[in-house]
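Q: Next come the chains, spelled out residue by residue.
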Amino acid sequence: MQDSTPNKTKSDKAAPRVALYVTCLVNTLRPQIGFACVQLIERLGFRVEVPATQTCCGQPGYNGGLRQQAMAIARQQIALLEPFDHVVVPSGSCAGMMINHYPELLKQDLSWLQRSQALAGKTLELAQFLDQHHWQPDSPPPPHHRRTWAHHTSCSCRRETRSHQCAESMLQLAGYELAELQDQAVCCGFGGSFAAKFDALSSRMGRNKLNQVADCKATGVVSADLGCLLHLESLAGMTGLSGLAEKGTQDFLHVAELLAACQEPQQSSSDVPTS
Amino acid sequence: MKGPTPDSFRANAEHALQDATLQHALGRAQSGFVAKRAHAIAMVDDFEQLKQRAQAAKSRALANLAPLLEQFEASVVASGGQVHWASTTGELNQQVIDICNGVGAHRIIKGKSMIGEEAGLNAAMEHAGFELVESDLGEYIIQLAQEPPSHIIAPAIHKTRQQVAELFKQFHELGDRGLTQISDLVNEARQVLRSAFLTADVGITGANLLIAENGSICIVTNEGNGDLSASLPAVHIVVASIEKVVATMDDASDILEVLARSATGQHMSAYTSFFNGPKREADAGGPKQFHIVLLDNGRSDLLGGPFESILSCIKCGACLNHCPVYTNVGGHAYGWVYPGPMGSVLTPLLQGLKATTPLPNASTFCGRCEAVCPMGIPLPQMLRTLREQQHDMALDNLPWRAGLGFYSWLSLHPRLFNRFARWIRMGLKITPRWLWPRHRQAVQPQGTTTFLAQWQHRKTKT
Ligand code: SF4
Numbered sequence: 000m001q002d003s004t005p006n007k008t009k010s011d012k013a014a015p016r017v018a019l020y021v022t023c024l025v026n027t028l029r030p031q032i033g034f035a036c037v038q039l040i041e042r043l044g045f046r047v048e049v050p051a052t053q054t055c056c057g058q059p060g061y062n063g064g065l066r067q068q069a070m071a072i073a074r075q076q077i078a079l080l081e082p083f084d085h086v087v088v089p090s091g092s093c094a095g096m097m098i099n100h101y102p103e104l105l106k107q108d109l110s111w112l113q114r115s116q117a118l119a120g121k122t123l124e125l126a127q128f129l130d131q132h133h134w135q136p137d138s139p140p141p142p143h144h145r146r147t148w149a150h151h152t153s154c155s156c157r158r159e160t161r162s163h164q165c166a167e168s169m170l171q172l173a174g175y176e177l178a179e180l181q182d183q184a185v186c187c188g189f190g191g192s193f194a195a196k197f198d199a200l201s202s203r204m205g206r207n208k209l210n211q212v213a214d215c216k217a218t219g220v221v222s223a224d225l226g227c228l229l230h231l232e233s234l235a236g237m238t239g240l241s242g243l244a245e246k247g248t249q250d251f252l253h254v255a256e257l258l259a260a261c262q263e264p265q266q267s268s269s270d271v272p273t274s
Numbered sequence: 000m001k002g003p004t005p006d007s008f009r010a011n012a013e014h015a016l017q018d019a020t021l022q023h024a025l026g027r028a029q030s031g032f033v034a035k036r037a038h039a040i041a042m043v044d045d046f047e048q049l050k051q052r053a054q055a056a057k058s059r060a061l062a063n064l065a066p067l068l069e070q071f072e073a074s075v076v077a078s079g080g081q082v083h084w085a086s087t088t089g090e091l092n093q094q095v096i097d098i099c100n101g102v103g104a105h106r107i108i109k110g111k112s113m114i115g116e117e118a119g120l121n122a123a124m125e126h127a128g129f130e131l132v133e134s135d136l137g138e139y140i141i142q143l144a145q146e147p148p149s150h151i152i153a154p155a156i157h158k159t160r161q162q163v164a165e166l167f168k169q170f171h172e173l174g175d176r177g178l179t180q181i182s183d184l185v186n187e188a189r190q191v192l193r194s195a196f197l198t199a200d201v202g203i204t205g206a207n208l209l210i211a212e213n214g215s216i217c218i219v220t221n222e223g224n225g226d227l228s229a230s231l232p233a234v235h236i237v238v239a240s241i242e243k244v245v246a247t248m249d250d251a252s253d254i255l256e257v258l259a260r261s262a263t264g265q266h267m268s269a270y271t272s273f274f275n276g277p278k279r280e281a282d283a284g285g286p287k288q289f290h291i292v293l294l295d296n297g298r299s300d301l302l303g304g305p306f307e308s309i310l311s312c313i314k315c316g317a318c319l320n321h322c323p324v325y326t327n328v329g330g331h332a333y334g335w336v337y338p339g340p341m342g343s344v345l346t347p348l349l350q351g352l353k354a355t356t357p358l359p360n361a362s363t364f365c366g367r368c369e370a371v372c373p374m375g376i377p378l379p380q381m382l383r384t385l386r387e388q389q390h391d392m393a394l395d396n397l398p399w400r401a402g403l404g405f406y407s408w409l410s411l412h413p414r415l416f417n418r419f420a421r422w423i424r425m426g427l428k429i430t431p432r433w434l435w436p437r438h439r440q441a442v443q444p445q446g447t448t449t450f451l452a453q454w455q456h457r458k459t460k461t
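Each protein sequence line maps, in turn, to chains H and Y.
Residue numbers for the first sequence, in numbering that gives the first Met the number 0: 0 to 274.
Residue numbers for the second sequence, in numbering that gives the first Met the number 0: 0 to 461.
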């Protein structure tokens with residue numbers, strides 16, 4: 000059923016196949032993060048494919064109590080992704096869903112449980128994947144990204160994929176200056192539908208985080224989870240806190256964007272004709 | 000007095016966020032707890048191992064709850080005490096009142112007890128005509144203020160020093176004594192409480208642990224008030240819930256190893272006391288009568304189900320202190336006696352899902368509660384299971400139910416899903432500003448279209 004995008008990379012056909020699961024937020028709102036991921040993973044010699052029928056990991060329904068629906072979504076994503084050697088997800092939240100919660104959801108059905116565990120075994124959050132495969136930068140951070148960044152370690156990278164240190168070390172390896180953000184282990188208040196259901200509370204939590212960003216003198220926020228970034232960005236614009244914002248630059252960026260900026264500009268793989 | 004209820008959590012929380020005094024009190028207190036716990040845990044070689052042992056002790060106890068409770072009762076009786084069983088909070092209150100009436104008591108001194116709070120024991124006793132004084136400083140303060148506790152180990156943590164001084168001015172004959180220092184406040188309370196201790200006919204305490212092998216109960220406090228409440232009056236009544244029982248003193252000590260470290264960051268609380276039966280011939284002091292009232296209140300129904308392990312909660316408060324929701328809104332917003340993550344699980348289980356629907360939803364699933372819980376209770380997963388039950392009972396709010404259902408359905412239909420993603424992009428671009436929450440900037444999509452559409456486009460181009 001799946002219509003995987005054919006191999007269009009420079010890497011040879013024998014290279015291991017990586018499925019990029021871009022996540023619904025990246026797909027809809029920040030497509031450039033997806034392209035940054037492709038660049039980063041290809042550089043490591045993998046064949047990147049983007050299964051065209053990918054949708055959402057199912058977390059909104061799962062966390063909203065719609066267990067049956069979440070199970071159906073989990074089964075569909077597993078069937079789609081299991082043919083690949085690796086699955087890379089630029090989000091601790093969605094990766095954590097696949098790694099930890101698909102097996103939980105499907106535990107009643109032995110065969111699906113095994114398939115979900117097999118998928119969990121080859122799924123990694125982006126920074127974790129880059130770290131494991133020894134990604135290296137080609138060049139120092141470009142001038143417009145040269146500033147002090149606050150690394151917001153999302154709760155899911157910290158407690159679901161346990162990969163928040165990977166992003167940190169990749170960013171440092173790339174030469175980014177990271178500020179000492181206090182209370183890094185504290186949630187920014189996003190939490191998916193939580194942000195809408197308890198808007199006042201969620202905003203307070205987000206503003207607490209932004210205050211700490213300001214306290215540590217950072218002028219940009221980087222995170223491995225786009226949900227947190229969008230939540231914080233939407234608040235920063237209105238608080239006047241955003242002394243962060245200099246016109247024309249972006250202050251809330253995904254780890255993939257900062258890292259890809261330190262790779263030699265190359266013709267985007269997707270522009271390369273199929274061999 | 001109609002206070003906040005669990006059902007009005009959202010409004011309670013918004014109210015709390017606007018309360019500057021409360022925010023001031025919360026801000027100072029929480030950071031202290033977090034740092035002290037972290038320090039205490041860094042001081043031990045292998046906290047994980049201590050946790051494992053505490054958890055093992057508790058799961059053994061839960062697996063044998065009924066026989067352990069019988070053994071506990073037999074041990075208490077053998078040491079000269081009496082055990083009373085209460086399946087509801089009303090029964091508990093009545094039994095305590097009956098015991099007090101039986102000994103002709105009038106004045107009661109009370110140590111801190113969450114079971115007493117759960118049962119509304121103070122109100123019931125005052126209603127029945129008893130004069131009851133809380134001996135724990137925090138409980139005493141909220142008794143004066145006529146408020147429920149806002150934290151399971153620090154009931155008055157929501158009060159600033161100034162507010163406490165005001166209360167004392169209002170209720171005590173102060174003369175010209177000043178109350179500027181914390182020590183003044185503590186001394187002031189001590190003066191008043193001393194006479195309450197000496198004149199009380201009955202002392203009521205809670206219990207942190209019940210030990211089946213010898214019928215002892217264990218109380219940990221930092222003020223020593225529990226000890227005085229238990230041993231000075233002629234009658235000692237212990238109120239506790241059934242899941243407090245453990246098999247042996249060794250099991251109890253395994254749990255004590257993690258309790259104070261997780262709660263206050265001490266390796267041991269200042270007072271860890273064991274009480275066993277009434278005064279014996281050879282004892283220097285102690286009560287003439289020793290009663291234990293054991294409360295079920297729906298707990299035994301949780302055994303064997305998805306929520307069983309919430310019964311291993313030792314009420315250390317770590318999940319509250321580390322919860323980003325609790326630390327921003329305080330305990331009263333949760334509308335009942337158990338706040339924070341453990342409260343958001345326990346309150347719906349004890350009070351029913353219907354009157355408590357906001358609580359399981361008031362979590363970002365950040366997971367920090369589970370990470371710090373010494374008993375390894377999977378609090379987020381339990382909250383999620385409660386949400387599932389709400390959904391099955393159609394208690395979730397209709398637009399959300401429909402919206403999440405639709406999104407889940409879309410997620411199973413990739414072509415439509417991707418078309419929908421493009422519509423969302425368009426929608427966001429044309430949504431008028433006033434449709435967004437005022438304090439948020441509109442989220443704008445970037446790039447020309449969705450990632451998948453761009454990718455497909457490049458594929459077909461080449
Ligand atoms: S749930 Fe865990 S962390 Fe929270 S009070 Fe109970 S034992 Fe402590």
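Hints are not guaranteed to be accurate.
Unchecked claim - Now the in silico label distances, taken between C-beta atoms and shown as ranges: (1) C215(H) - K168(Y): 39 to 45 Å; (2) G304(Y) - P141(H): 53 to 59 Å; (3) E81(H) - V43(Y): 57 to 63 Å; (4) R145(H) - G351(Y): 34 to 40 Å.
Think of the hints as simulated: they come from the structure by calculation, not from any bench.
Please read all numbers here as calculations on a predicted model, not as lab measurements.
The beta-carbon is built from N, C-alpha and C at its ideal position, and this holds for glycine as well.
Q: Confirm or reject each hint.
A: Going down the list of hints, with the structure as the test:
1. C215(H) - K168(Y): 39 to 45 Å: About 42 Å separates the Cβ atoms of C215(H) and K168(Y), which means 39 to 45 Å holds.
2. G304(Y) - P141(H): 53 to 59 Å: Holds - the Cβ-Cβ distance for G304(Y) and P141(H), about 56 Å, lies within 53 to 59 Å.
3. E81(H) - V43(Y): 57 to 63 Å: 43 Å, violated
4. R145(H) - G351(Y): 34 to 40 Å: 57 Å, violated
Going down the numbered hints, you'll see the structure goes against 3 and 4, while the others check out.
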